[in-house]
Structures are given as structure tokens and as C-alpha cells.
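**Q** Residues per chain, in single letters:
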Amino acid sequence: MTPNSRPEGSAHRIWLALIGLSLALALLGTAYVQWRQYELLDGSAQYQNDALGWSFFQLETEHLRLRNEMQRALNDGAAAPASAELQLRYDIFVSRLGPVDHDRAVQIMGTQSVYAPAMSLARHFVRNADRYIGDTPAAPLTAPRLRELLAELDTLSVPLHDLSLGASHLLYERVTQRNEAVRLQSKRGIALTVFQCVLLLIFAFVVLSQFRTLLQRRQRLETLAERLSAARLEAESASRAKSVFLANMSHEIRTPFHGLLGMMSLLQETPLSTQQSGYLHTAKESANHLLAILNDILDISKLESGNLHVVPEPVDLARLVREVDALMRVQARSKGLALHVTMDTEVPRWVRADATRLKQILFNLLSNAVKFTPSGHVHLKVELADKEPGQLLFSVIDTGIGMDEETQARVFQRFVQGDDTTSRRHGGAGLGLEISRSLARLMGGDITVSSALGEGSGFRVNLPLPEVEPPAQGAAATPGADSTRARALQVLVAEDHPVNRAYLEAVLDKLGHAAVFAENGEEAVRAVQAQDFDIVLMDLHMPVMDGFAAARAIRALPLPRGAIPIVALTADAFQDSQELARQAGMDEMLTKPAHLPQLRDLLARYGGASAGPVAAAAHSGDAGGDIVDRATVEQFHASLSPQKYALLLASFFESHGATMSRLRDSVTSGERSATRDQAHALKGAALSLGLRAVVEHSELLRRAAADAPGPALAPLLDTLERQLLITRDLCQSLGWLPAVAPGRTVR
Amino acid sequence: MTALFRSRRLALCWTLAAFLASLPAFALDAPTGKVLLTVSGELRLRNAPEGAAFDMAMLEKLPQRSFSTRTPWYPQARKFTDLLLAYLLDDKPMPVREKGPLVLMFPFDTQPELRSAINYGRAAWQLKQLELR
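Residue numbers (the working numbering), protein chains in the order written: chain A, 140 to 886; chain B, 14 to 146.
If you're looking for bench data, these hints aren't it; they were derived computationally from the structure.
Just so we're clear, the structure is a prediction, and the values are computed from it rather than from any experiment.
Hints are not guaranteed to be accurate.
Listed below are several chain A residues computed to face chain B (Cβ distance under 7 Å; list not exhaustive) [unchecked claim]:
id: 1; residue: Asp230
id: 2; residue: Val233
id: 3; residue: Ser234
id: 4; residue: Pro238
id: 5; residue: His241
Mimicking SDA-like on lysine to any residue, the simulated pairs with C-alpha atoms at most 20 Å apart in a straight line are [stated by the list, open to error]:
id: 6; chain 1: B; residue 1: Lys141; chain 2: A; residue 2: Glu224
id: 7; chain 1: A; residue 1: Lys498; chain 2: A; residue 2: Leu466
id: 8; chain 1: A; residue 1: Lys498; chain 2: A; residue 2: Leu459
id: 9; chain 1: B; residue 1: Lys47; chain 2: A; residue 2: Asp274
From the three backbone atoms N, C-alpha and C, an ideal C-beta is built for every residue, glycine too.
Can you make the complete structure from the sequences, with help from the hints?
**A** Now the structure itself:
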């Protein structure tokens, strides 16, 4: 529920409560009205008040019948007038007096002025008559007595008649009153019922509106949930896209890096002046720094996508710390700092840890410490945390510039590096600490910091690294490792990129191994089928058939060729790719750029011996930048050897005569599409050889030929031919062309 | 004397059906005392030209029950003893002056549904004749 809908909800509740209360009251009122009506009707029925009129009428009738009987007895002149018939009539008359002469009758008839005297007259008559015709007569009924009684009875006739009428009137009045009361009650009942109906309608309306609100809220929630899940999917796909982008970018960035660093390694092996050597050193340092930053960014992306996995294995901790010490000592010394490394004796030598990631954390913290310490020392201390086995504490303490509390709070955040001034002074991407802490947390530990401005900093890494038995000797040995069987290897390189091919050929040549190249997976599989190799270096991303499929295809071959060692070669260093490569049957993975020492080590493990440094061909060129692309040519020279380049160049110029005559034919006959295709082919060949002028003019011809009603092509063809001749002359004058030397043909 | 009894034309089929159902349990002898009630109509058992005539002795032989009830005609509750036709009021025979000798009385107090003008009207006094229809 949103905060602004709460008052609305409570208003609703108050309304409901009010309506409910009113309804209850109205129901009570209706019940009361109905009970009153029942009382009215029941009371009148039970006490037969309405029957009083009838009783008076009966009394009057019996009075007349008694009077008649008495008259008849007098007229008959009977000797004993008190006959049984008279007796009966008298008794009945008396019995009819009872129902009108009692307390309730007094209450009802009290307002009638005739009632009391008439009753008193009647009682007087009965008292007189009882003396002669009562239960126990005191004297016989004689005619004179009868006459007297008749006379007295006559006096009763008018009052009794009045009473009869009065009672009737009273009855009508009462009926009218009761009807009035019933009508009133009915009216009230109807009013209450109408009121109830209205309340019920309101109640129903409120309930309905609440129900609708609930429904709407549910719909809103459902829509929100749908939107959220869609947003989540979108975010996830965006994140995936980012990961793919990063992987691609890493590939794209590492490929030129491969070339750059490789060329620099090769360049270092050539005779250089002190100045050139210094420049090269700086260039290599910059490139290495850039590579470090690139690796940091990749680590971050892997940590974010959860693709970074910690792989714990038995690690010689003492040796690891020694290695870190050795590397960092150089850095520290170059800044004039002392590096102390101490390790408590309780710390086990062999622990279960991911050595690479542990080193990464320690390097990070130590280089930070060195970076932010102008003078003094840096101390790496390894000890048991709280003297508790299995929990290790690595402390990196420096006497550097330190941090205030605010900086300490932010120091593990991305791109935060002290403040802006220190950032400018010290450089770096500011990702190191975040990566270190994320790695420590991945390992089940954490990093904390304690520092004060100007008093140095202390970073403490707490990691659960359980002690393990040292692994059995030789268990970690790489398959095929045999240092005694050092020899030149037959290496199959599957690589689609021509520059990489050229570079690898040069490196392998330098290492004294023989290389055969395949441009895609399919060619690689065919090569393995046809020829014996010692090892396959397999690029993972290739056209036609990629490295994974090729590896699987090779593994499916009959032994022993199906068991050939395959090393994945890729700029894409993601764990997923590694896993996929392993699943495809590849033995290990070499991350590009593969430097000469790495390749040497790798091949040595598979039984190859290095032929040692080979003197690179020296070359110096000069002018002709507009006509030829010197960079390409030099790269060719450096990686392939000038002889091979000369061979390629010679074959290009040899075939150009045929090409030109074909071009002239097509231009003459007006087959513009043929001209276009031939010009395109010429351009491609010239491009790979670095013949810039030829590239330029064949492109001009190609474009002109592509325009259907375009300009005349003949002049363009003439220019192109002239440029070709100029280029050949230049190449010859530069000494590239006539030098023909024997060598292995490049596929 | 029977002629002196006040007669009320009553349609009492529902009560008489039950009343007469019990009649065969008694030998219908000729009344010896004053006839208090004559039942006329389609009767199989007859002891008089009009139908079945009962005197007090015969009525007393019928199964009896007593109940007290308030009525519109007495200020307080009174006890009636009857089969269906009450002949004792507060355990005493009812003279004519007391609306006797037979009255048709309903237990209004124990059966509130009887309390209606129709049933108060059916409570006949000085009953002398019943006609079965």
C-alpha cells in the first residue's frame, strides 16, 4: 500500500463502520416495531377486549329474554311463577353479567358514565331476585314480587342498551386506534425498511468499490511484476551483451597487443643503440601497464557477471610469498623503500588456495603500498588469524601518506583512489582494491583497512586457507614433459589472422621449431589427418570451423593422431571459453598475446628445445612512403624475413602482366563488372604486400567500373599500369625485389 | 330440561372426530340422569332419537384431564377438567350461572397458537348439543 492511499483506506473503514452501525440500529428498530405490533395484536386477542361489545349485547339480549319470560309467567298467571324455564333464563342472565362486571371491564368502560350506575342497578336487581329465584331462595316468588322484579328489570333496559351501544362505539374507537397504531407502526416499519435498503445499497456500493480497488491494485501489482520481470530480463540481456562486448573487445584489443608486444620482444633481440633501447623499454612498460589495466577491467567484468571462479589447490605458501617478495622487492628498492616480509612459524607451508588470485591480491596491496609510500618501509606479514588454524591473516603495512576516515570508507569503491590529486599523481584505474576485496570475499574472507592521514596504512586480508598435505612428487607434472627429449617440434598452427600467422611463424622459427599453418579448423583437421605433428596451437575463433569443433574432430581421429596435444590460443580469456575448450578436448590454453618466453616454456613442456636466440635480420629503408606502406613491409620483414617478402613481391609482379592484359581486355570489351572484379583482386594482393600506390589506383578503377554509365576506364587503367611500374622500380631500387632466397613457402 | 340448555351451532368436526373415536370404548347406555349433552349427526352409536345423549355420570366415565388457563372471562387462571368439554371448574361442577354445566375450553396458556379470536369464539359456554357434520 502506498503511503497516500492509507488515509483513503481508513476513511473507507470509518464509512463501513458507520454504515454497519446504522444498519444494526435500523434492524433493532424494525424488530422493536414488529414486536410492538405483535404485542398489540396478541394482547387484544388474549384478553378478548374486542369481545366486550358482544358481551354487552348478549347481556342485553338475555335481559330481554328474561323480561319476556317474566312477562309470560305473569300473563299465564301461574300459581308458581318460578318455573324451571324462568329459573334457567335468570341463571343465564346472571352468567352474562360476569363477563361485563369485572376489573378489566371497569378499566375499559370507566369512561362511560352509564357503566357504573347500570352495573350497580344490575347488581341490585340480582340481589333482589336471588331472594326468590337464587340458589337458596329466602321466600317464594309470588306474582306481586314478580311484578316488582319485572318493574326493576325494566329500569335496566335503557342503561343496558346504552352500554351496548357505548361498548360498540368504544370497540370501534379501539379498533380505529389500533388500526391507527398498526398503520403508524407499519409506516415506521416501511421507513425503516427503506432506510435499510438504502444502507444496504451503500454498503454494497462501498464493498464493491473496495473490491474494485483491490482488483485494480492486484492488476497494478501484476503489471508491475510483469514490467519488473521484463526489465530484469532486459537488464540481464544487457549485462550479457556487455559481457559479450567485453569479451569481444578483449579479443580485439589483445590481438593488436599480441602484435605490439611480440614485435617489441623481437625488436629487443635486435642490435639497438642505448637510446633506442631506452625508448623500447619505456614503450614496453607502457604497453605492460595498459595490459594490466585491461586485465583489471576484464577481472571486474568477470566478477560482475559471476564468471570468475576461484580454483583452490594445494599451494606452497612459503614459496608463493617468496615469489611475491622477489618481485616486489625490485619495485620497492627502485623507490628507495625497504620491504620486510615475515611469516610466522605456525603458518602451515602447504595450504589449499588459488595461488594466482592470492598472488594477485598480495601484488595489488603491495604495489599500492609502494605507490603511496614516499619513504620508509612496507611490511608484509603472514600469520594465523587469532591463532586459529585454517584462518590466515596477511597484513600489508606501510609508512606512507595514509588516508583520512572518509577516504578509508571509499577506498574499496570502484575508480576511487584517495582523492583527485593523488589520483593524478599516482595514476592507475583505481580498480585494484575493489578486485582484491571481491577476490578475498570469493575465497570466503575479507579485506579491512586501518589508517590515519600521514601515518601510513594497514590492509588486512583474512582468508580461510586450510592446511593440506603436500602433493605427491610429480603429480602436477604436465603430460609429455620430458626435458631429456628436447628437440625441434613439428607445430601445426591454426590461425586465421595473417599478422598473427606471420608473427607466430617468426617466433616458432626463432625457437627452432617447424610450423605448418592452417587458416581455419577444417584445414587444421585435414592437416592432422595427413601429417604427423607434435602439437597443435589452435585459435578458437576462426571462420569455416572454429577451434572447439576442430579440437573435437581431431579427438575423434584414430590413435595416435587423435591424442595429439592441442593448446588453445585465444585473446578471449574468459573462464567459460576455458571450460568449453577443455570440454572440446584441448589440453591447455595460452592467452594472447603469447610472448616468446611463454611459447618457449609451453613447447619445452611438450618436449621441444629452444634453438636459442636467433639474430634477426637487420634492415634499414628510406623513402617511398607514398608508393609503399613501410610499416607493413617492415612487419613482413621482421616476422617473415626479407627473403620471404621478396619472394611474395616477385610473384606479385610476375603475375601482374597477365592481370593487366585481362584488365585491358575487359575494359576494351566494356565488361565493367569483370573489370571491377579484377581490380578488386589486384587491390587485395597489393594491400597485403603494402603497395600503397597500387592499392589506391586499383581502387579508383574498381569504383569507376562499379558505376554503370561511369567515365571512361582506359585512362585509369593507364595510370594504374604506370603506378605498377613505378612501384616495381622503387622496390628494386630499395633492394626488396631482386633478392631471391630459398625458404619455406607460406601457405 | 335438555331443551333449556343453550345451544351453539358449532362446527367442531376436528375436535369431535377425536372425541367420538373414543366413544366405542364405552357401552352407550341410555342416560339415567339429566341429559347434559346431545350429539347429533351421522352416528353409529345412538341411545336417543336425536343421536347420543349423555348425563353427568356418563361424561364422568370419559377419560379426563385437567388444565389451568387464563381466559378473557375470568380475572385469573382457572382450572378446567374435561375430555374436550369441561364440566368441572376448579374441581367443582359448573352451574348455569357459572357458564356451565359444560364449556368447550382450550388450553390457551400452554398452547399460545390457540390464542386467536376464532378460538376464543369457539370456546362455547353452556354447551348442550353438538352436531356432527
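**Q** Now tell me if each hint is right for this structure.
**A** Checked hints:
Checking Asp230 of chain A against chain B by beta carbon gives a least distance of about 4 Å; that is within 7 Å, so the hint holds. With its C-beta approaching chain B no nearer than about 5 Å, Val233 of chain A sits inside the 7 Å limit, and its interface hint holds. For Ser234 of chain A, the suggested interface contact is upheld, since its CB lies about 5 Å from the closest CB of chain B, less than 7 Å. Hint status for Pro238 of chain A: holds, given a least beta-carbon distance of 5 Å to chain B, under 7 Å.
A least Cβ separation of about 6 Å between His241 of chain A and chain B falls short of the 7 Å threshold, and the interface hint therefore holds. Under the criterion of a C-alpha separation no larger than 20 Å, the hint pairing Lys141 of chain B with Glu224 of chain A is consistent with the structure, at around 15 Å. The hinted pair formed by Lys498 of chain A and Leu466 of chain A meets the criterion: a straight-line CA distance of about 11 Å does not exceed 20 Å. Taking the CA atoms of Lys498 of chain A and Leu459 of chain A, the gap is near 7 Å; set against the 20 Å cutoff, the hint holds.
Using a Cα cut-off of 20 Å, the hinted pair Lys47 of chain B and Asp274 of chain A holds, with the two alpha carbons roughly 18 Å apart.
When held up to the earlier numbered hints, the structure conflicts with none and fits them all.
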